Every structure is written in structure tokens, then in C-alpha cells.
Amino acid sequence: MTAKERRDPPALVSSGHNYWHSPSSPHLCPPSESSSSSSHLRSHRPIPSHSSQVTMSRKVVRSSKFRHVFGQAVKADQCYDDIRISQMTWDSNFCSVNPKFVAMIVDASGGGAFIVLPLSKTGRIDMSSPTVCGHTGPVLDIEFCPHNDNIIASGSEDCSVMIWEIPDGGLVTPMKDPVVKLEGHSKRVGILSWHPTAHNVLMSAGCDNVIFLWNVARGESVLRIDSHSDLIYSASWNRNGSQIVTACKDKKLRVFDPREGTVICEKDKAHEGSRPIKAVFVSDGKILTTGFSRMSERQVALWDPLNFGEAMTLQELDTSSGVLLPFFDPDTGIIYLCGKGDSSIRYFEVTDEAPYVHYLSMYSSKESQKGMGYMPKRGLEVNKCEIARFYKLHERKCEPIVMTVPRKSDLFQEDLYPDTNGPEPSVEADEWFAGKDGEPILISLKDGFVATTKNKEFKVIKSLMTTTSSSLSNRQSDSAALQNEVKKLREMVEDLTKRVSELESK
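Heads up: the sequence shown begins at 1 in UniProt numbering, then just goes up one per residue.
Since the hints were made in silico from the structure, they are not lab data.
Bear in mind the structure is a predicted one, so any value in this text is a computation, not a measurement.
Warning: the hint list may mix true and false statements.
The calculated label-pair distances, taken between Cβ atoms and stated as ranges, are [stated by the list, open to error]:
#1 R407 to Q78: 17 to 25 Å
#2 D352 to P167: 25 to 33 Å
#3 K436 to P167: 14 to 22 Å
#4 E353 to R224: 24 to 32 Å
#5 A73 to T313: 42 to 50 Å
#6 G169 to D304: 22 to 30 Å
#7 E439 to D268: 29 to 37 Å
#8 M88 to R407: 18 to 26 Å
#9 D81 to D352: 41 to 49 Å
#10 S274 to D352: 27 to 35 Å
#11 E491 to P167: 45 to 53 Å
#12 S64 to F308: 41 to 49 Å
Here are the simulated BS3-like pairs of lysine-lysine, each with C-alpha atoms no more than 27 Å apart in a straight line [to be verified]:
#13 K384 to K446
#14 K65 to K446
#15 K487 to K498
#16 K366 to K278
#17 K187 to K121
#18 K249 to K65
#19 K498 to K75
#20 K446 to K487
#21 K269 to K249
#22 K366 to K397
#23 K446 to K176
#24 K121 to K100
#25 K251 to K187
#26 K65 to K397
#27 K366 to K121
#28 K436 to K397
#29 K176 to K187
#30 K286 to K436
#31 K397 to K75
All residues carry an ideal CB built from backbone N, CA and C; glycine is no exception.
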């Protein structure tokens, strides 16, 4: 070894992780690809042999096809402008999107409202555009049904959950009357989540610390989970909907069997800070959480429910106060973290290789985000190698942001697009409540996903609407018919009684 090598050993190489440690970002600074920083690092190292260079490069940069994913906002004429986004302080997405529509919670006087627009209706949105305005209090959360692009649920401060059917072309007049109104919560409803595989099953969580599981087609609650001692911050299904993970103000992470209403396992102090925790299931049943440390540093952690003792990884991000909303893509294994009030989207790859949650990159912009919508995979443009699309809410507009893997070939990239969740449910509500589980029914994106109205009407809309109509809109007519029948029977009994009396008198 030369004297120079003894003075300047190659100590800057990361040992298997894909992060550089720096004072400005001590935990999540990605391997630099800029010429300035790279040349700076190389200038302080001896020039190694070719084999040594290969070994070092493998250590510095973890091999991943998603390492060069980049985000880009669409052009101005493809945004949705002049929309007054809700000013409510609540840690939900405020936006929901599918291949047909984008919905956003908006400011409304005298109650709560949200606007639903066809995806193609970009540009300036007229102030007089019709909204969904049936709630008497501010709307806190909205979510489209994964099995029917025309059905959306809304939760509100008025303690109710409402189900709406949006016409194919969008709203023409204000919509005030829901298809179904679900009542049971005693305080405001802030969390909604449709079952991923069971038809017409909806979960709602309220500030009464209670979770309801609804059979939407029947318009009734079937199960009630009352196991939380404080406010519920987050509630999410696993991939086939057989389990629910919740995060609570008491700092506990709980995994439930929803049909039994029992806690399978729980973790105390998943994050020690007092700010909200969010939790989602990721690959292989693991759970990813975002939260805060005791010193108010934002954190991301990965947990194994089979061993809740210690986190598989716990990484600190920064000291911002915005709650991190996690969006997981099971097809790519990428988790996107969007902070409320932030102007950036961080994304990581979740693997079975330590440290398990690998930083990829970050999309940054100038304006902060008030909410975020996440497009299902079947709504993406596969011919452009688009692997995710977000709908970022500003103060007065909605801006789509496209995540792309740079590829030179125009052919379908099978490694980027494995078969993904389709719109067809695998079990009916009654079957699921009876104990039957179903894995997601997958579809191929090779030819692009085309939503055919006929297929949706047969598979989803008619099933939902017919059952709902019989349970709700016909309720009054059924009651009237029953009363008429009772009246006729009484008259018949009176007539028979009179005849019996006449015969006895003879």
C-alpha cells in the first residue's frame, strides 16, 4: 500500500445500503449521480483497479430498475383550475381518482360538498359547476369504489356516510340525494375504505373511536369494532381484505380480524411522537408506518406483524410537521410518501433485502400540497412507461403528476407491468361476511385497460343499484302494500266473525 493510500482510504463507500450519510440528510441522502458531488468523492480516493471499481460501484448503487424513476407535472392546460379546495384541517387525501373521474373536496357554505369531474374535463372549471352537496356538515373523506367507477362514498362531520352514483358524463345538476345513507356513528366520520376484493363492503372510522363495516347494498352495518381507546388515525385493508391495520392516538398499532372483531396483534409506541401515525400493508403482509419521533422528526418504519418487538427498519426523514400519506404499489413494491403541506413526493422501494426500505428519489415542486389523489394502475398510460400518477391539490387547482421509468423501447414493458388488480370483485358481500375470502382478480395491461360500460353495468352497477333500490327506494311502497294487506285481513276476520254470530243465533 502506498503512502497516499494510507492517508486516503476508500472509506466513503456505503456498506450494502443505498444511502450516503450527510449532515443535511443523515439518513436518507441517495447515492449522488451529479457530476459535482461524484467528482468530489472521486478526487479524494485512490484510483483502484478495474475489479475494485466494479465491487465499489455495486456497493454504492443498489441494482434496481426503478432507480431512475422521475416525476413530472403535466402541462398547464392539463390541470384542473379555479377549484376552491377545502380549508378543513383533516389528515385525509381530500381527493379520489379512477380511470373515469377525479373527485375533490371543496369549500362549501351551509354544509359539505365535493366536485366530481370527468378526467378529460381539464382547464378552468366554472365556479357554478355542479357539486355533490347532500351533507349538512363539511366532507372529510371521499373514496371511489374499486369495483365500480361510478360509485363514490363520502364521510362527513354530520356523522353520516353517503354513497353516490355519478353519471357517466359527470354531473349536470347539483346532486343532493345519495343512493344510500349509512348512519351509525355518533361523531364525525373521517376515514373511508372500500374492501379490495368483496363487492359492496365499506369500512368507516369515526371520531367516536368506532369502526363500522357496512353492507352497502343492504344499507346496513354488519360489524362494529369498538377496541380503540382514542382517536383512530388510520385504517387500511390487507391485499385480500382478511385483515385490517389501524393506528391510534394512543400510539398503538393494531392488526384486526375484522369479521371476528378481535385484535390479532398490536404494537405499543410504534412511533413515540404525539403527531398522527399512518399505516398500510405492503408486500408479504408487512406493515409500513409513517409517524414522528419524540423530537418531532418524521419517520418511516417497516414492521413484521409476526414479530412486533422491533421494527425491521426505522428511518428518520426531516423535522417537518406535515403528516406523511403513504401510497403503496404492490406491483412494483414502491411506496410513495406525500406530506401534507410539503412540496415534494418521496418514493422508496420495499424489498426483502436489508435495510428493506430503499430510498429511490424525490419529486419536488414550488407549491405545497393540500391533498393527493392516487390513480389505480389500470388508469395509467402503459405505452409511456408510466408507473404512477398523482393528483396534487393546490389552493385553487388540481395538478396531475406522472411518475415514469425511462425506457428507450416502445414495446410493452412486461417487467414494469405485471398483471394488476382489475375492477371485478372476487366475492360478494354476504359471502365475505360469512367468512369467505377471495384474492384480487388480476388483469393484464398489455393492450391497455379499456373500461367497457356494458361490462361494468352487468358486473357492478346493476348489482349494486338493483339491490340498493329494493332495500331503500321500495321500502315505502312495500310498507304501504303490507298495511293494505293487514287491512283486508282484518275486514275478512270481521266478516267471518259476523257470519259465525249469525249462524249461532239460528
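**Message:** Please list, smallest to largest, the hint numbers that this structure does not respect.
**Reply:** Violated: hints 2, 3, 4, 5, 6, 8, 12, 17, 18, 19, 20, 23, 26, 28.
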